[in-house]
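When you get a sec, could you build the whole thing from the sequences and use the hints?
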Amino acid sequence: MMKKLVLSVVILCGFTMSLLAQGIQFREGSWKEILEIAKKENKLVFVDNYTSWCGPCKKMVSEIFPLKEVGDFYNANFICYKLDCEKGDGVEVAKTYQIMSFPTYLYVDGNGKLFYRSGAYMPAEKFIEEGKIALAEFSDKRTIEEWEALYAKKKNNASFVKGYIAKRNRAKLDNADIFDQYVSIEKEKNLMDTTFLKELFDYENKLNAGGACADFIMKNWDRIREVTGMQDQKMAEILGYSMGSYSYRRAVKEKNEERFNSYLKVMAFLNGKLGVNVANEEVKSRSGYYAAIDDKTRFEELAEKHADILFEEEKDCLKRDQEKYMQFLQGLIKDASGLASQTPEQLAFTIQFAGINESASLAFNFRDLAANVARLSDDQKLLNKAMTWALEAITLFGNFTCYETLAEVLYKMGYQKEALWQIEKALDKMPAGNDAIAARIHGKLDKIKNNK
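Numbering of the sequence shown is given in the working numbering, commencing with residue 5 and proceeding in unit increments.
Read the hints as simulated data drawn from the structure, not as lab findings. Predicted, not measured: the structure shown is a model, and the values here were computed from it. Warning: the hint list may mix true and false statements.
Straight-line Cα separation of at most 20 Å, EDC-like style, residue types lysine to aspartate or glutamate; simulated pairs [stated by the list, open to error]:
| # | residue 1 | residue 2 |
| --- | --- | --- |
| 1 | 328 | 318 |
| 2 | 259 | 298 |
| 3 | 158 | 178 |
| 4 | 257 | 298 |
| 5 | 136 | 76 |
| 6 | 44 | 113 |
| 7 | 91 | 76 |
| 8 | 269 | 241 |
| 9 | 259 | 181 |
| 10 | 176 | 129 |
| 11 | 191 | 241 |
| 12 | 202 | 236 |
| 13 | 63 | 45 |
| 14 | 416 | 383 |
| 15 | 389 | 422 |
| 16 | 416 | 372 |
| 17 | 159 | 184 |
| 18 | 300 | 258 |
| 19 | 319 | 308 |
| 20 | 36 | 90 |
| 21 | 36 | 113 |
| 22 | 91 | 32 |
| 23 | 136 | 241 |
| 24 | 416 | 308 |
| 25 | 456 | 422 |
| 26 | 416 | 241 |
| 27 | 448 | 428 |
| 28 | 193 | 203 |
| 29 | 328 | 312 |
| 30 | 47 | 76 |
| 31 | 257 | 372 |
| 32 | 238 | 208 |
| 33 | 288 | 308 |
| 34 | 159 | 178 |
| 35 | 277 | 206 |
| 36 | 157 | 190 |
| 37 | 166 | 197 |
| 38 | 223 | 190 |
| 39 | 47 | 32 |
| 40 | 130 | 149 |
Structure follows, in C-alpha coordinates:
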(Lines of atoms letter the chains of each structure in order from A and count residues from 1; the text may use other names and numbers.)
(Lines give C-alpha, C1' and ligand atoms only; values in the text may rest on other atoms or scores of the structure.)
Protein backbone atom coordinates (compact mmCIF):
# COMPACT_ATOMS: atom_id res chain seq x y z
CA MET A 1 0.00 0.00 0.00
CA MET A 2 2.82 2.37 0.98
CA LYS A 3 4.65 1.61 -2.28
CA LYS A 4 1.52 2.43 -4.27
CA LEU A 5 1.10 5.69 -2.36
CA VAL A 6 4.72 6.68 -2.94
CA LEU A 7 4.40 5.76 -6.62
CA SER A 8 1.24 7.86 -6.93
CA VAL A 9 2.97 10.84 -5.32
CA VAL A 10 5.96 10.45 -7.64
CA ILE A 11 3.68 10.26 -10.69
CA LEU A 12 1.69 13.29 -9.50
CA CYS A 13 4.88 15.28 -8.86
CA GLY A 14 6.22 14.29 -12.25
CA PHE A 15 3.00 15.34 -13.92
CA THR A 16 3.04 18.68 -12.07
CA MET A 17 6.69 19.28 -12.99
CA SER A 18 5.97 18.50 -16.65
CA LEU A 19 3.18 21.08 -16.62
CA LEU A 20 5.47 23.67 -15.04
CA ALA A 21 8.15 22.90 -17.60
CA GLN A 22 5.71 23.70 -20.37
CA GLY A 23 5.12 27.26 -19.21
CA ILE A 24 7.28 30.31 -18.59
CA GLN A 25 10.56 29.52 -16.85
CA PHE A 26 11.30 32.39 -14.49
CA ARG A 27 14.96 32.98 -13.62
CA GLU A 28 16.25 33.23 -10.06
CA GLY A 29 18.64 35.92 -8.86
CA SER A 30 18.84 39.59 -7.97
CA TRP A 31 17.68 42.37 -10.29
CA LYS A 32 21.30 43.29 -10.97
CA GLU A 33 22.19 39.68 -11.83
CA ILE A 34 19.22 39.36 -14.20
CA LEU A 35 20.25 42.51 -16.08
CA GLU A 36 23.77 41.13 -16.46
CA ILE A 37 22.37 37.93 -17.98
CA ALA A 38 20.30 40.01 -20.40
CA LYS A 39 23.42 41.92 -21.47
CA LYS A 40 25.35 38.73 -22.13
CA GLU A 41 22.52 37.11 -24.10
CA ASN A 42 21.48 40.37 -25.81
CA LYS A 43 17.86 39.79 -24.86
CA LEU A 44 15.08 41.77 -23.26
CA VAL A 45 14.03 40.95 -19.73
CA PHE A 46 10.32 40.25 -19.32
CA VAL A 47 9.39 41.26 -15.78
CA ASP A 48 6.13 40.20 -14.17
CA ASN A 49 5.59 42.80 -11.43
CA TYR A 50 3.01 41.52 -8.94
CA THR A 51 1.80 41.72 -5.34
CA SER A 52 0.63 38.97 -3.01
CA TRP A 53 -2.93 40.38 -2.88
CA CYS A 54 -3.43 40.95 -6.63
CA GLY A 55 -6.22 38.75 -8.06
CA PRO A 56 -5.40 39.22 -11.78
CA CYS A 57 -1.74 38.43 -10.99
CA LYS A 58 -2.76 35.08 -9.51
CA LYS A 59 -4.98 34.32 -12.51
CA MET A 60 -2.06 34.92 -14.89
CA VAL A 61 0.12 32.60 -12.78
CA SER A 62 -2.47 29.81 -12.68
CA GLU A 63 -4.06 30.12 -16.14
CA ILE A 64 -1.69 31.78 -18.62
CA PHE A 65 1.96 31.43 -17.56
CA PRO A 66 1.82 27.57 -17.48
CA LEU A 67 0.54 27.26 -21.07
CA LYS A 68 2.89 25.57 -23.53
CA GLU A 69 2.48 28.16 -26.29
CA VAL A 70 3.16 30.97 -23.83
CA GLY A 71 6.22 29.23 -22.43
CA ASP A 72 7.58 28.41 -25.89
CA PHE A 73 7.39 32.06 -26.97
CA TYR A 74 8.57 33.80 -23.80
CA ASN A 75 11.36 31.35 -22.91
CA ALA A 76 12.80 31.59 -26.42
CA ASN A 77 12.73 35.38 -26.66
CA PHE A 78 13.15 36.80 -23.16
CA ILE A 79 14.92 36.47 -19.86
CA CYS A 80 11.83 35.95 -17.71
CA TYR A 81 11.75 37.29 -14.17
CA LYS A 82 9.21 37.87 -11.39
CA LEU A 83 9.22 40.65 -8.80
CA ASP A 84 7.01 41.17 -5.77
CA CYS A 85 6.73 44.96 -5.77
CA GLU A 86 6.35 45.07 -2.00
CA LYS A 87 9.55 43.16 -1.22
CA GLY A 88 13.28 43.29 -1.96
CA ASP A 89 14.34 44.57 -5.39
CA GLY A 90 10.68 44.86 -6.36
CA VAL A 91 10.20 47.98 -4.22
CA GLU A 92 12.94 49.89 -6.04
CA VAL A 93 11.91 48.62 -9.48
CA ALA A 94 8.31 49.70 -8.86
CA LYS A 95 9.56 53.14 -7.87
CA THR A 96 11.94 53.45 -10.84
CA TYR A 97 9.33 52.51 -13.43
CA GLN A 98 6.42 54.19 -11.61
CA ILE A 99 4.36 51.03 -11.34
CA MET A 100 0.91 51.93 -10.03
CA SER A 101 -1.22 48.90 -10.96
CA PHE A 102 -0.78 45.14 -10.96
CA PRO A 103 0.18 43.08 -12.73
CA THR A 104 2.50 45.34 -14.72
CA TYR A 105 4.74 43.77 -17.37
CA LEU A 106 8.03 45.47 -18.18
CA TYR A 107 10.25 44.67 -21.14
CA VAL A 108 13.72 46.12 -20.49
CA ASP A 109 17.21 45.60 -21.86
CA GLY A 110 20.35 44.77 -19.89
CA ASN A 111 20.86 48.44 -19.05
CA GLY A 112 17.38 48.71 -17.60
CA LYS A 113 16.10 50.74 -20.56
CA LEU A 114 12.35 50.30 -20.94
CA PHE A 115 11.24 49.30 -24.44
CA TYR A 116 7.62 48.42 -23.72
CA ARG A 117 5.18 48.03 -20.85
CA SER A 118 1.84 46.35 -20.52
CA GLY A 119 -0.38 44.94 -17.81
CA ALA A 120 -3.60 43.33 -16.58
CA TYR A 121 -4.98 39.83 -16.98
CA MET A 122 -5.22 38.82 -20.63
CA PRO A 123 -5.67 35.65 -22.71
CA ALA A 124 -2.65 33.82 -24.08
CA GLU A 125 -2.98 35.15 -27.63
CA LYS A 126 -3.02 38.77 -26.42
CA PHE A 127 -0.16 38.14 -23.98
CA ILE A 128 2.02 36.69 -26.74
CA GLU A 129 1.09 39.62 -28.99
CA GLU A 130 2.31 42.03 -26.30
CA GLY A 131 5.64 40.21 -26.29
CA LYS A 132 5.88 40.53 -30.08
CA ILE A 133 5.34 44.28 -29.79
CA ALA A 134 8.18 44.46 -27.27
CA LEU A 135 10.47 42.55 -29.64
CA ALA A 136 9.56 44.88 -32.51
CA GLU A 137 10.48 47.86 -30.34
CA PHE A 138 13.76 46.22 -29.36
CA SER A 139 14.74 45.54 -32.98
CA ASP A 140 13.79 49.05 -34.16
CA LYS A 141 16.98 51.03 -33.64
CA ARG A 142 15.29 54.29 -34.63
CA THR A 143 14.01 56.08 -31.53
CA ILE A 144 10.60 57.71 -31.32
CA GLU A 145 12.34 61.10 -31.32
CA GLU A 146 14.06 60.24 -34.60
CA TRP A 147 10.75 59.14 -36.11
CA GLU A 148 9.16 62.43 -35.04
CA ALA A 149 11.95 64.47 -36.62
CA LEU A 150 11.62 62.56 -39.91
CA TYR A 151 7.83 62.89 -39.92
CA ALA A 152 8.09 66.63 -40.58
CA LYS A 153 9.99 65.83 -43.80
CA LYS A 154 8.18 62.64 -44.85
CA LYS A 155 4.56 63.30 -43.83
CA ASN A 156 3.44 62.89 -47.47
CA ASN A 157 5.13 59.50 -47.83
CA ALA A 158 2.36 56.98 -47.12
CA SER A 159 4.74 54.10 -46.44
CA PHE A 160 6.70 56.14 -43.88
CA VAL A 161 3.55 57.45 -42.18
CA LYS A 162 2.17 53.91 -41.88
CA GLY A 163 5.41 52.83 -40.19
CA TYR A 164 5.26 55.86 -37.91
CA ILE A 165 1.72 54.92 -36.86
CA ALA A 166 2.91 51.40 -36.02
CA LYS A 167 5.79 52.81 -33.97
CA ARG A 168 3.51 55.14 -32.03
CA ASN A 169 0.93 52.38 -31.54
CA ARG A 170 3.57 50.21 -29.90
CA ALA A 171 4.37 53.09 -27.56
CA LYS A 172 0.62 53.63 -26.95
CA LEU A 173 0.83 57.24 -28.15
CA ASP A 174 -1.97 59.40 -29.56
CA ASN A 175 -2.21 58.79 -33.32
CA ALA A 176 -5.40 60.71 -34.14
CA ASP A 177 -3.85 63.43 -36.30
CA ILE A 178 -1.41 61.00 -37.94
CA PHE A 179 -4.22 58.60 -38.90
CA ASP A 180 -5.92 61.55 -40.61
CA GLN A 181 -2.72 62.35 -42.48
CA TYR A 182 -2.27 58.73 -43.60
CA VAL A 183 -5.86 58.40 -44.84
CA SER A 184 -5.57 61.69 -46.74
CA ILE A 185 -2.52 60.54 -48.75
CA GLU A 186 -2.91 56.75 -49.11
CA LYS A 187 -4.56 55.13 -52.13
CA GLU A 188 -8.13 53.97 -51.49
CA LYS A 189 -7.36 50.36 -52.46
CA ASN A 190 -4.76 50.22 -49.68
CA LEU A 191 -7.15 51.81 -47.19
CA MET A 192 -9.69 49.09 -47.99
CA ASP A 193 -7.16 46.39 -47.14
CA THR A 194 -8.51 44.02 -44.49
CA THR A 195 -5.40 44.25 -42.30
CA PHE A 196 -5.45 48.04 -42.21
CA LEU A 197 -9.19 48.19 -41.50
CA LYS A 198 -8.86 45.78 -38.59
CA GLU A 199 -6.03 47.93 -37.23
CA LEU A 200 -8.24 51.00 -37.65
CA PHE A 201 -11.24 49.45 -35.88
CA ASP A 202 -9.52 48.93 -32.55
CA TYR A 203 -10.77 50.08 -29.14
CA GLU A 204 -7.26 51.23 -28.22
CA ASN A 205 -7.02 53.71 -31.10
CA LYS A 206 -7.60 57.43 -30.72
CA LEU A 207 -9.30 58.92 -33.78
CA ASN A 208 -10.54 62.41 -34.63
CA ALA A 209 -14.26 62.84 -35.28
CA GLY A 210 -13.51 65.66 -37.70
CA GLY A 211 -10.99 64.78 -40.39
CA ALA A 212 -10.03 62.48 -43.24
CA CYS A 213 -10.34 59.30 -41.18
CA ALA A 214 -13.92 59.96 -40.06
CA ASP A 215 -14.95 61.07 -43.55
CA PHE A 216 -13.45 57.91 -45.08
CA ILE A 217 -15.26 55.63 -42.62
CA MET A 218 -18.67 57.28 -43.00
CA LYS A 219 -18.38 57.37 -46.79
CA ASN A 220 -17.33 53.71 -47.05
CA TRP A 221 -19.28 52.20 -44.14
CA ASP A 222 -21.04 49.47 -46.11
CA ARG A 223 -17.89 48.45 -47.99
CA ILE A 224 -15.90 48.32 -44.76
CA ARG A 225 -18.55 46.09 -43.20
CA GLU A 226 -18.32 43.69 -46.16
CA VAL A 227 -14.51 43.60 -46.16
CA THR A 228 -14.10 43.10 -42.40
CA GLY A 229 -17.16 40.95 -41.77
CA MET A 230 -18.09 43.11 -38.78
CA GLN A 231 -21.69 44.04 -38.03
CA ASP A 232 -22.98 47.62 -37.70
CA GLN A 233 -23.29 47.32 -33.93
CA LYS A 234 -19.69 46.19 -33.42
CA MET A 235 -18.31 48.84 -35.77
CA ALA A 236 -20.35 51.57 -34.08
CA GLU A 237 -19.36 50.40 -30.59
CA ILE A 238 -15.64 50.49 -31.43
CA LEU A 239 -15.82 53.93 -33.05
CA GLY A 240 -18.06 55.26 -30.30
CA TYR A 241 -15.14 54.64 -27.96
CA SER A 242 -12.02 55.18 -30.09
CA MET A 243 -13.41 58.15 -32.03
CA GLY A 244 -16.40 59.39 -30.02
CA SER A 245 -15.05 59.34 -26.47
CA TYR A 246 -11.63 60.57 -27.54
CA SER A 247 -12.99 63.45 -29.62
CA TYR A 248 -15.36 64.53 -26.85
CA ARG A 249 -12.54 64.61 -24.28
CA ARG A 250 -10.33 66.54 -26.67
CA ALA A 251 -13.09 69.06 -27.45
CA VAL A 252 -13.62 69.63 -23.71
CA LYS A 253 -9.91 69.98 -23.00
CA GLU A 254 -9.43 72.49 -25.82
CA LYS A 255 -12.88 74.11 -25.36
CA ASN A 256 -13.12 73.72 -29.11
CA GLU A 257 -16.66 74.21 -30.44
CA GLU A 258 -15.74 73.11 -33.95
CA ARG A 259 -14.27 69.86 -32.67
CA PHE A 260 -17.36 69.30 -30.52
CA ASN A 261 -19.66 69.80 -33.52
CA SER A 262 -17.60 67.23 -35.45
CA TYR A 263 -18.11 64.85 -32.54
CA LEU A 264 -21.89 65.44 -32.71
CA LYS A 265 -21.89 64.71 -36.44
CA VAL A 266 -20.06 61.40 -36.03
CA MET A 267 -22.18 60.33 -33.04
CA ALA A 268 -25.37 61.13 -34.96
CA PHE A 269 -24.10 58.84 -37.73
CA LEU A 270 -23.17 56.03 -35.30
CA ASN A 271 -26.35 56.34 -33.23
CA GLY A 272 -28.34 56.15 -36.46
CA LYS A 273 -26.65 52.82 -37.21
CA LEU A 274 -27.57 51.60 -33.72
CA GLY A 275 -31.17 52.79 -33.91
CA VAL A 276 -30.67 55.20 -31.00
CA ASN A 277 -32.66 58.45 -30.70
CA VAL A 278 -30.22 60.89 -32.31
CA ALA A 279 -31.95 64.08 -31.14
CA ASN A 280 -32.06 62.94 -27.50
CA GLU A 281 -28.42 61.91 -27.54
CA GLU A 282 -27.46 65.32 -28.91
CA VAL A 283 -29.29 67.09 -26.06
CA LYS A 284 -27.47 64.96 -23.47
CA SER A 285 -24.12 65.51 -25.18
CA ARG A 286 -24.61 69.27 -25.39
CA SER A 287 -25.70 69.48 -21.76
CA GLY A 288 -22.64 67.53 -20.64
CA TYR A 289 -20.27 69.49 -22.86
CA TYR A 290 -21.53 72.91 -21.76
CA ALA A 291 -21.22 71.85 -18.12
CA ALA A 292 -17.71 70.51 -18.70
CA ILE A 293 -16.52 73.83 -20.19
CA ASP A 294 -18.36 75.84 -17.49
CA ASP A 295 -20.78 77.45 -19.95
CA LYS A 296 -23.43 78.13 -17.30
CA THR A 297 -25.99 79.84 -19.56
CA ARG A 298 -26.18 77.17 -22.25
CA PHE A 299 -26.07 74.37 -19.66
CA GLU A 300 -29.00 75.83 -17.70
CA GLU A 301 -31.02 76.10 -20.92
CA LEU A 302 -30.70 72.34 -21.51
CA ALA A 303 -30.62 70.84 -17.99
CA GLU A 304 -34.38 70.27 -17.61
CA LYS A 305 -34.71 68.89 -21.13
CA HIS A 306 -31.82 66.54 -20.35
CA ALA A 307 -33.64 65.33 -17.21
CA ASP A 308 -36.90 64.80 -19.14
CA ILE A 309 -35.05 62.49 -21.52
CA LEU A 310 -33.62 60.51 -18.60
CA PHE A 311 -37.08 60.08 -17.05
CA GLU A 312 -38.36 58.88 -20.43
CA GLU A 313 -35.53 56.34 -20.66
CA GLU A 314 -36.33 55.10 -17.16
CA LYS A 315 -39.74 53.76 -18.20
CA ASP A 316 -38.33 50.61 -19.84
CA CYS A 317 -35.12 50.50 -17.85
CA LEU A 318 -36.30 48.16 -15.07
CA LYS A 319 -37.83 45.75 -17.58
CA ARG A 320 -34.57 45.54 -19.57
CA ASP A 321 -32.59 45.03 -16.36
CA GLN A 322 -34.87 42.18 -15.33
CA GLU A 323 -34.44 40.51 -18.72
CA LYS A 324 -30.65 40.86 -18.54
CA TYR A 325 -30.63 39.54 -14.98
CA MET A 326 -32.49 36.40 -16.02
CA GLN A 327 -30.02 35.91 -18.89
CA PHE A 328 -27.14 36.31 -16.42
CA LEU A 329 -28.59 33.72 -14.03
CA GLN A 330 -29.22 31.25 -16.86
CA GLY A 331 -25.62 31.68 -18.01
CA LEU A 332 -24.42 31.19 -14.44
CA ILE A 333 -26.31 27.91 -14.17
CA LYS A 334 -24.63 26.65 -17.36
CA ASP A 335 -21.10 27.83 -16.53
CA ALA A 336 -19.93 29.62 -13.40
CA SER A 337 -16.19 29.15 -14.04
CA GLY A 338 -15.69 32.85 -14.78
CA LEU A 339 -16.60 33.69 -11.18
CA ALA A 340 -14.33 31.12 -9.55
CA SER A 341 -11.57 33.62 -8.74
CA GLN A 342 -13.89 36.15 -7.06
CA THR A 343 -14.11 36.65 -3.31
CA PRO A 344 -17.55 36.19 -1.68
CA GLU A 345 -17.89 39.99 -1.48
CA GLN A 346 -16.98 40.43 -5.16
CA LEU A 347 -19.35 37.62 -6.15
CA ALA A 348 -22.23 39.20 -4.21
CA PHE A 349 -21.60 42.53 -5.94
CA THR A 350 -21.39 40.89 -9.38
CA ILE A 351 -24.73 39.14 -8.90
CA GLN A 352 -26.35 42.28 -7.47
CA PHE A 353 -25.03 44.55 -10.21
CA ALA A 354 -26.13 42.13 -12.96
CA GLY A 355 -29.73 42.97 -12.03
CA ILE A 356 -29.33 46.76 -12.05
CA ASN A 357 -26.91 47.38 -14.91
CA GLU A 358 -28.99 49.90 -16.85
CA SER A 359 -30.55 51.32 -13.68
CA ALA A 360 -27.10 52.04 -12.27
CA SER A 361 -26.00 53.74 -15.48
CA LEU A 362 -29.14 55.86 -15.51
CA ALA A 363 -28.65 56.69 -11.82
CA PHE A 364 -25.18 58.03 -12.55
CA ASN A 365 -26.60 60.16 -15.37
CA PHE A 366 -29.14 61.71 -12.96
CA ARG A 367 -26.36 62.14 -10.40
CA ASP A 368 -24.01 63.89 -12.82
CA LEU A 369 -26.74 66.22 -14.06
CA ALA A 370 -27.65 67.19 -10.48
CA ALA A 371 -23.98 67.66 -9.57
CA ASN A 372 -23.47 70.00 -12.53
CA VAL A 373 -26.44 72.11 -11.42
CA ALA A 374 -25.03 72.30 -7.89
CA ARG A 375 -21.64 73.36 -9.24
CA LEU A 376 -22.76 75.89 -11.85
CA SER A 377 -26.21 77.25 -11.03
CA ASP A 378 -27.64 79.62 -8.41
CA ASP A 379 -31.19 79.32 -9.76
CA GLN A 380 -33.30 78.05 -6.83
CA LYS A 381 -35.94 76.59 -9.11
CA LEU A 382 -33.33 74.58 -11.02
CA LEU A 383 -31.60 73.56 -7.78
CA ASN A 384 -34.93 72.27 -6.47
CA LYS A 385 -35.28 70.14 -9.60
CA ALA A 386 -31.70 68.95 -9.19
CA MET A 387 -32.64 67.73 -5.71
CA THR A 388 -35.32 65.49 -7.25
CA TRP A 389 -32.81 64.21 -9.80
CA ALA A 390 -30.35 63.29 -7.05
CA LEU A 391 -33.14 61.52 -5.15
CA GLU A 392 -34.04 59.64 -8.32
CA ALA A 393 -30.41 58.52 -8.62
CA ILE A 394 -30.56 57.18 -5.06
CA THR A 395 -33.81 55.34 -5.81
CA LEU A 396 -32.31 53.68 -8.89
CA PHE A 397 -28.94 52.81 -7.36
CA GLY A 398 -27.99 53.94 -3.85
CA ASN A 399 -24.32 54.41 -4.55
CA PHE A 400 -22.46 56.63 -2.06
CA THR A 401 -21.76 59.22 -4.78
CA CYS A 402 -25.51 59.76 -5.24
CA TYR A 403 -25.83 60.70 -1.56
CA GLU A 404 -22.74 62.87 -1.95
CA THR A 405 -24.40 64.74 -4.83
CA LEU A 406 -27.66 65.18 -2.92
CA ALA A 407 -25.66 66.71 -0.06
CA GLU A 408 -24.02 69.16 -2.48
CA VAL A 409 -27.39 70.24 -3.91
CA LEU A 410 -28.97 70.68 -0.47
CA TYR A 411 -26.00 72.66 0.78
CA LYS A 412 -26.14 74.94 -2.26
CA MET A 413 -29.84 75.52 -1.50
CA GLY A 414 -29.01 76.53 2.07
CA TYR A 415 -30.18 73.36 3.83
CA GLN A 416 -27.10 72.74 5.97
CA LYS A 417 -28.64 70.24 8.41
CA GLU A 418 -30.13 68.09 5.64
CA ALA A 419 -26.90 68.28 3.64
CA LEU A 420 -24.93 67.10 6.66
CA TRP A 421 -27.25 64.13 7.04
CA GLN A 422 -26.73 63.08 3.41
CA ILE A 423 -22.94 63.50 3.40
CA GLU A 424 -22.79 61.32 6.52
CA LYS A 425 -24.75 58.67 4.60
CA ALA A 426 -22.20 58.94 1.78
CA LEU A 427 -19.43 58.49 4.34
CA ASP A 428 -21.15 55.39 5.72
CA LYS A 429 -21.67 53.83 2.27
CA MET A 430 -18.32 54.65 0.65
CA PRO A 431 -15.92 51.72 -0.02
CA ALA A 432 -13.30 50.99 2.60
CA GLY A 433 -9.60 51.27 1.88
CA ASN A 434 -9.66 54.10 -0.67
CA ASP A 435 -7.80 57.05 0.84
CA ALA A 436 -8.58 59.43 -2.04
CA ILE A 437 -12.35 58.89 -1.75
CA ALA A 438 -12.23 59.12 2.04
CA ALA A 439 -10.32 62.42 1.86
CA ARG A 440 -12.85 63.85 -0.62
CA ILE A 441 -15.92 62.91 1.43
CA HIS A 442 -14.35 64.06 4.70
CA GLY A 443 -13.42 67.35 3.03
CA LYS A 444 -17.05 67.93 2.04
CA LEU A 445 -18.21 66.89 5.50
CA ASP A 446 -15.94 69.51 7.08
CA LYS A 447 -17.11 72.15 4.60
CA ILE A 448 -20.79 71.52 5.39
CA LYS A 449 -20.19 71.23 9.15
CA ASN A 450 -18.29 74.50 9.31
CA ASN A 451 -20.53 76.20 6.72
CA LYS A 452 -17.50 77.29 4.70
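Each hint, compared with the structure:
| no. | hint | verdict |
| --- | --- | --- |
| 1 | 328 / 318 | holds, 15 Å |
| 2 | 259 / 298 | holds, 10 Å |
| 3 | 158 / 178 | holds, 19 Å |
| 4 | 257 / 298 | holds, 12 Å |
| 5 | 136 / 76 | holds, 13 Å |
| 6 | 44 / 113 | holds, 11 Å |
| 7 | 91 / 76 | violated, 29 Å |
| 8 | 269 / 241 | holds, 16 Å |
| 9 | 259 / 181 | holds, 18 Å |
| 10 | 176 / 129 | holds, 19 Å |
| 11 | 191 / 241 | violated, 27 Å |
| 12 | 202 / 236 | holds, 14 Å |
| 13 | 63 / 45 | violated, 30 Å |
| 14 | 416 / 383 | holds, 10 Å |
| 15 | 389 / 422 | holds, 16 Å |
| 16 | 416 / 372 | holds, 15 Å |
| 17 | 159 / 184 | holds, 11 Å |
| 18 | 300 / 258 | holds, 17 Å |
| 19 | 319 / 308 | holds, 17 Å |
| 20 | 36 / 90 | holds, 18 Å |
| 21 | 36 / 113 | holds, 12 Å |
| 22 | 91 / 32 | holds, 15 Å |
| 23 | 136 / 241 | violated, 27 Å |
| 24 | 416 / 308 | holds, 18 Å |
| 25 | 456 / 422 | holds, 16 Å |
| 26 | 416 / 241 | violated, 38 Å |
| 27 | 448 / 428 | holds, 10 Å |
| 28 | 193 / 203 | holds, 15 Å |
| 29 | 328 / 312 | violated, 25 Å |
| 30 | 47 / 76 | holds, 15 Å |
| 31 | 257 / 372 | holds, 18 Å |
| 32 | 238 / 208 | holds, 14 Å |
| 33 | 288 / 308 | holds, 11 Å |
| 34 | 159 / 178 | holds, 16 Å |
| 35 | 277 / 206 | holds, 18 Å |
| 36 | 157 / 190 | holds, 17 Å |
| 37 | 166 / 197 | holds, 13 Å |
| 38 | 223 / 190 | holds, 16 Å |
| 39 | 47 / 32 | holds, 16 Å |
| 40 | 130 / 149 | violated, 28 Å |
In terms of the numbered hints stated before, the structure departs from hints 7, 11, 13, 23, 26, 29, 40, listed from lowest to highest.
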